[in-house]
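A.B. asks: Next come the chains, spelled out residue by residue.
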Amino acid sequence: MSKQIDVKDLNIYYGDFLAVQDVSTTIAPRSITALIGPSGCGKSTFLRALNRMHEVIPGAKVKGSVELDGQDMYGRGVDPVLVRRKVGMVFQKPNPFPTMSIKENVLAGVKLNNKRIKKSEAEELVESSLKGANLWNEVKDRLDKPGSGLSGGQQQRLCIARTIAVKPEVVLMDEPCSALDPISTLAVEDLMAELKNDYTIVIVTHNMQQAARVSDKTGFFNIEGTGKPGKLVEYDETSKIFNNPSEKATEDYISGRFG
Amino acid sequence: MSTSTQTREPAAAELTTGGRRFGDQIFRGLSTSAGLVILTALFLVAAFLLWQAWPALVADPADVRGGKGLVHYIAPLLVGTVMAALIALLTALPLSIGIALFISHYAPRRLASALGYLVDLLAAVPSVIFGLWGITVLGPGMIPVQGGLVDYLGWLPFFGGTSSPRSMLVTGLVLGIMILPIMTAVNREVFLQTPRLHEEASLALGATRWEMIKQAVFPFGKSGIISGAMLGLGRALGETMAVAIILSPSVRYTSVLNTSGNPGTIAADIALNFPESSGIDVNTLVASGLVLFFLTLVVNMFARWIVSRRSEFSGAN
Ligand SMILES: Nc1ncnc2c1ncn2[C@@H]1O[C@H](COP(=O)(O)OP(=O)(O)OP(=O)(O)O)[C@@H](O)[C@H]1O
Ligand SMILES: [Mg+2]
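In order, the protein sequences belong to chains A and B.
FYI, the UniProt record's numbering numbers position 205 of the first sequence as 205, with every residue one higher than the one before it.
FYI, the UniProt record's numbering numbers position 174 of the second sequence as 174, with every residue one higher than the one before it.
Treat the hints with caution; some may be incorrect.
With a straight-line cut-off of 30 Å between C-alpha atoms, the simulated BS3-like cross-links for lysine-lysine are [said to hold, decoys possible]:
| id | chain 1 | residue 1 | chain 2 | residue 2 |
| --- | --- | --- | --- | --- |
| 1 | A | 93 | A | 228 |
| 2 | A | 118 | B | 222 |
| 3 | A | 93 | B | 214 |
| 4 | A | 167 | A | 115 |
| 5 | A | 167 | B | 214 |
Hints were generated in silico from the structure; no laboratory data involved.
The shape of chain B in the complex, shown without the other chains:
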């Protein structure tokens, strides 16, 4: 019985590598450290924000700018940030999906590549340009439109009062146009990746092109669309320049979007006030930055959660 183990020969030399492969190890080390660098950077940023914000967190409310405490200072800004970003996302999401679909599935090939190129170009336009365009062109141009919204949709809580060219609505729209190219670019890539097999499966069942898109393209691209939206949302949440130029902020809360009565956004508020701040005011601004930091984290985690919810059905297997 013991012969079988005793007669086993040593492994042939050509089948052993004498340990692990050198290249594999290097690559593994590189990718692991890259991952660690990101985590460390994230941690350091959070730690820095917390450390700098701490004095404001523990300060006497009367000392904080505005005189009513930190929460009173940051809450309207948080609301303003979320409002502007939501308007931007609501404008850009359907538009970017539409444009991307046109490029990937409807346009003739020549037109499609020209359009795709144009979209990529637009993505590189700096935000200050969008801001200037918003304040000089879109804002004044939106006055009659906003007036019309008040007239016809005034029964909604979003429209009423005297329209301003520097309203939350105009700001959100400019942000939406700003994040449109990047979202379109992502969506286009995702739609182009749809496996031909699934598209043909759908068409062979007698689907129209739109039905095929609903059946094969959207389900396949869902997580990509969400990632693109998060990319855009991230940019909209953190956008400083365009908002600082256009929005004329106040510290009231209102759901009305077409007046100049909305609070500003965290990012623009920091940019506008940081140069003249000192002492506790700096800490206050950093504290608002900390809130923005957590907001983007939460938004991203929520998006990941949405994507992973039905990962069993993602087709990755």
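Bound-form chain A, shown alone:
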């Protein structure tokens, strides 16, 4: 249920513009990896390359390889649709489908690919996914109400429920708490700590405390200047990054002397 990600010599381009240069790293299964760094350094770009979501943007392309337990997701003949079923993504802004009820939102991914599931199974899956996202108690009496009627924090947890309902191997989260209040943020962080038992989790965050609180490993991205490509400057145990980083740039950034 949880897979290791091996990134080798990954370069990501928007048209001719090299946005992320030469990233090689290994992300362990059943762990939380936090990506930090100044704005525009390519964190989102890198994250999207981990489930081929960058391909949605015209002109975006990658060179290099990303392996999921040894299988190159950029290999010849690999279907991006199947990659994304294995590697789910939660976005910065909560984006439940506005035309669907809470229940339909949770089942949205499951019903793709013309899959039919029995009503009883669907109900179980809705319950287990919403419980997994710590949302069940708040919404169990209004599963047929629109998902857009929830609070921002609840919507984000609904999106997480929707993502885990398809039982991916990896969950990517791009600043999942940036639109949330501290209490909802804590709820999502607790949730991540639980999800870690089953999934490989990669999260982008601007919140240092959050990175320090939840992650096992931290990657620091940086750019030398505008127009230059972003690079993974340092990648290590979170405690090491925050207490004793080996790079000067990392130390400057986490101590607030930068960006």
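Given chain A's structure and the hints, the job is docking chain B with the ligands onto it.
C.D. replies: Using the frame of chain A, we list chain B with the ligands on its own:
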């Protein structure tokens, strides 16, 4: 206890505007009167139609053209109008959605903008041109097609007998092609407005492009598609020139679409007969116009109702 109210100072001058803002008031007046103008115009049109149609409504049935009364005169035309418009809508709706989707989500960007431009151009072609094209090109060209429909789908109540190039089917198809550009233009705009967030949500769940379109684009665009269809339907219901040129009407009722045995449409009937009419005949024609007026109202209200039914889920909140 009373000090708190007594010591309250007068509002600071910089926080008061001395009444309402001038610009706001002007704009409010303008938009309110614009709304009133539309309502008044609608009311006046209805009143005029009713007034002019009244003599025909109360006339002795024998005096009405056809000699069997108003209902007998208008009913076939109403059926013809609805038939032609339905054929047009059934052709144009799926086609316009397909073309719009191709432009908004499938075509490479250069091709998409060229196609979009072409569609906008087509929308400006006058209906008389479509009529001429229908009678000279599509009608004759449809003869073998209609024959084939009779041969293979003759068991349906819609096909049979001797095909005519001036049939209801040809008329409806021409109307469909006529309303295609406007509907395509509306649908394309609506599809392009789909929030990127929802499209990405769907793709990130492992949706194929078509699944994404079903999950994110169509639900978001539903009310827009319906509005576009209503726009097209309105044009098809009221179309005069193209129908008058192509359709060869009769006064029978038949569900068969490929012969020349179908009734005409209200709009074309008015255009064809008005010049030579006088007296009660004019009133009769106006009465048929009144029916057309109510038909479009009913159709539009029905469409609004469909759109509003699940407005809770529209994403407007
Ligand atoms: N769709 C795009 N087209 C072209 N360039 C892009 C696109 N998206 C991002 N970029 C560029 O790629 C670089 C990296 O952007 P990215 O969004 O990955 O940064 P980020 O680290 O996520 O920043 P933030 O913390 O502000 O979210 C930036 O220089 C940005 O301008
Ligand atoms: Mg970002």
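A.B. asks: All hints are to be evaluated individually against the structure, with a verdict given for each.
C.D. replies: Tested hints:
no.: 1; hint: A:93 with A:228; result: 27 Å, holds
no.: 2; hint: A:118 with B:222; result: 28 Å, holds
no.: 3; hint: A:93 with B:214; result: 22 Å, holds
no.: 4; hint: A:167 with A:115; result: 14 Å, holds
no.: 5; hint: A:167 with B:214; result: 22 Å, holds
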